[in-house]
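Enquirer: Chains A and B supply the protein sequences, listed in that same order. The first sequence begins at 1 in our numbering and counts up by one. The second sequence begins at 1 in our numbering and counts up by one.
For the record, the hints were derived by calculation from the structure and aren't laboratory data. Every residue gets a Cβ at the ideal spot worked out from N, C-alpha and C, and that includes glycine. There could be a bad hint or two in this list.
Only part of the chain B face toward chain A is listed, based on derived beta-carbon distances under 7 Å [claimed, not checked]:
hint : residue
1    : Phe11
2    : Val20
3    : Pro39
4    : Leu57
5    : Gly58
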Amino acid sequence: MKYRMAGALLSLLGLLLATYLYLYKIGKIGTLACGTGSCETVQLSPYSRFLGLEVAMIGICGYGLLLILGLLGLQASPGRRSWVGRLLLVGSGLGLVFTCYLTYLELFLIEAICRWCVASAVIITLIFVASLLDWRASDSNRGPRAPA
Amino acid sequence: MATSPTGLKRFYLLLGGVAVAGLAVLAFLVVRPASVSIPVDVKVQPSDTAGFRGYVLGSASAPVEVSEYADYQCPSCLHFEEIQFPDVRDRLIQTGRVRWRYRDFPLAQHKFSRVAAHSAACADEQGKFWEQHRAIYVGQPDWSFKRDAAGIFRDYAKQNGLDLGRYDACMQSARYAGRIQASLEEGMKAGVQATPTFLVGGRLYSGVQTYDALKAIIDSLAPPAGR
Numbered sequence: 001m002k003y004r005m006a007g008a009l010l011s012l013l014g015l016l017l018a019t020y021l022y023l024y025k026i027g028k029i030g031t032l033a034c035g036t037g038s039c040e041t042v043q044l045s046p047y048s049r050f051l052g053l054e055v056a057m058i059g060i061c062g063y064g065l066l067l068i069l070g071l072l073g074l075q076a077s078p079g080r081r082s083w084v085g086r087l088l089l090v091g092s093g094l095g096l097v098f099t100c101y102l103t104y105l106e107l108f109l110i111e112a113i114c115r116w117c118v119a120s121a122v123i124i125t126l127i128f129v130a131s132l133l134d135w136r137a138s139d140s141n142r143g144p145r146a147p148a
Numbered sequence: 001m002a003t004s005p006t007g008l009k010r011f012y013l014l015l016g017g018v019a020v021a022g023l024a025v026l027a028f029l030v031v032r033p034a035s036v037s038i039p040v041d042v043k044v045q046p047s048d049t050a051g052f053r054g055y056v057l058g059s060a061s062a063p064v065e066v067s068e069y070a071d072y073q074c075p076s077c078l079h080f081e082e083i084q085f086p087d088v089r090d091r092l093i094q095t096g097r098v099r100w101r102y103r104d105f106p107l108a109q110h111k112f113s114r115v116a117a118h119s120a121a122c123a124d125e126q127g128k129f130w131e132q133h134r135a136i137y138v139g140q141p142d143w144s145f146k147r148d149a150a151g152i153f154r155d156y157a158k159q160n161g162l163d164l165g166r167y168d169a170c171m172q173s174a175r176y177a178g179r180i181q182a183s184l185e186e187g188m189k190a191g192v193q194a195t196p197t198f199l200v201g202g203r204l205y206s207g208v209q210t211y212d213a214l215k216a217i218i219d220s221l222a223p224p225a226g227r
């Protein structure tokens, strides 16, 4: 359960971060607090959209779903928890793959690094690790299956 | 590993606390009267342009029209504005030979281009477009590498005698974002790929044009009187 709690908390942080970036993109927040990074270069590049959708909006949906799944996992009956655990693993895995793609875009095509994107990459990686550990823990708790 | 109900309750309290704190920060960032951001991904509505085709300088009866597609943060555009344009204005526009049309063409790599274009548009509401336009260009080295240029543009607005209340309301509303985007899209449709680009007599001339080069083009289209 502690891994699932960690995953839910991280998903909430990711959701807030993605919302911040989306609010910037739609012009509701003046400038990004970015220090010496190149957040605006990344956020204003053509790659800030994916299949016609704002990447920040995809982040909001993704982290939102992971948060809902994490909370469901905390409430679900033991029988259903393993299903939620698998969904969390698959969802965070997909998020991690998408983040790798975005990081590739930043490094090799946009040639700028946005520290908020790096923060998001760290968050999704940690969610994936937490989901993996949760899945392994729940798998070992079930023990060897009885022979048929 | 099971978690006690007390542990779960503590966790929910923590989660709720983080959510409330995060939302409070976001709400503060949205409502604070802070710097301005002009959205990039606006969908142009017919009302955005409403017949607006750029900022015009010169006589309506001038025989030649020049459309300049430019970006306030582009160094070459600054070069043209500072070195060539004064001669163009004094010797071609004010003499009635040329009507000048300034079109916004904000490039994606310039983070303040749209804010600058919007600042000039807001000055236009108060009849001070060309004053603000000039101040933004001349001041380009001062704001181009700043973290936030909107405050500097506001200073220019103040120096140009604009009503700052109206200016601030205009900038916060981002009401000209669609018009700026429309100008960019029209330029792209016409074949503009870089700034500055000049559209004269149906032809595009890319890059900084000297006064002499522009005069030669204009002479070929409308020979000066007495020739």
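Enquirer: Take the hints in turn and mark each one as holding or not.
Expert: These are the hints, each one checked on the structure:
1. Phe11: Because about 5 Å separates Phe11 (chain B) from the closest Cβ in chain A, which is inside the 7 Å limit, the hint holds.
2. Val20: Given a least distance of 11 Å, the restraint on Val20 (chain B) is violated.
3. Pro39: The hint holds - Pro39 (chain B) has a Cβ within 7 Å of chain A, the shortest such distance being about 4 Å.
4. Leu57: Constraint on Leu57 (chain B) not satisfied, violated at 30 Å.
5. Gly58: Violated, because the Cβ-Cβ distance from Gly58 (chain B) to chain A comes to roughly 34 Å (cut-off 7 Å).
Hints 2, 4, 5 from the list above are not met by this structure, while the remaining hints are.
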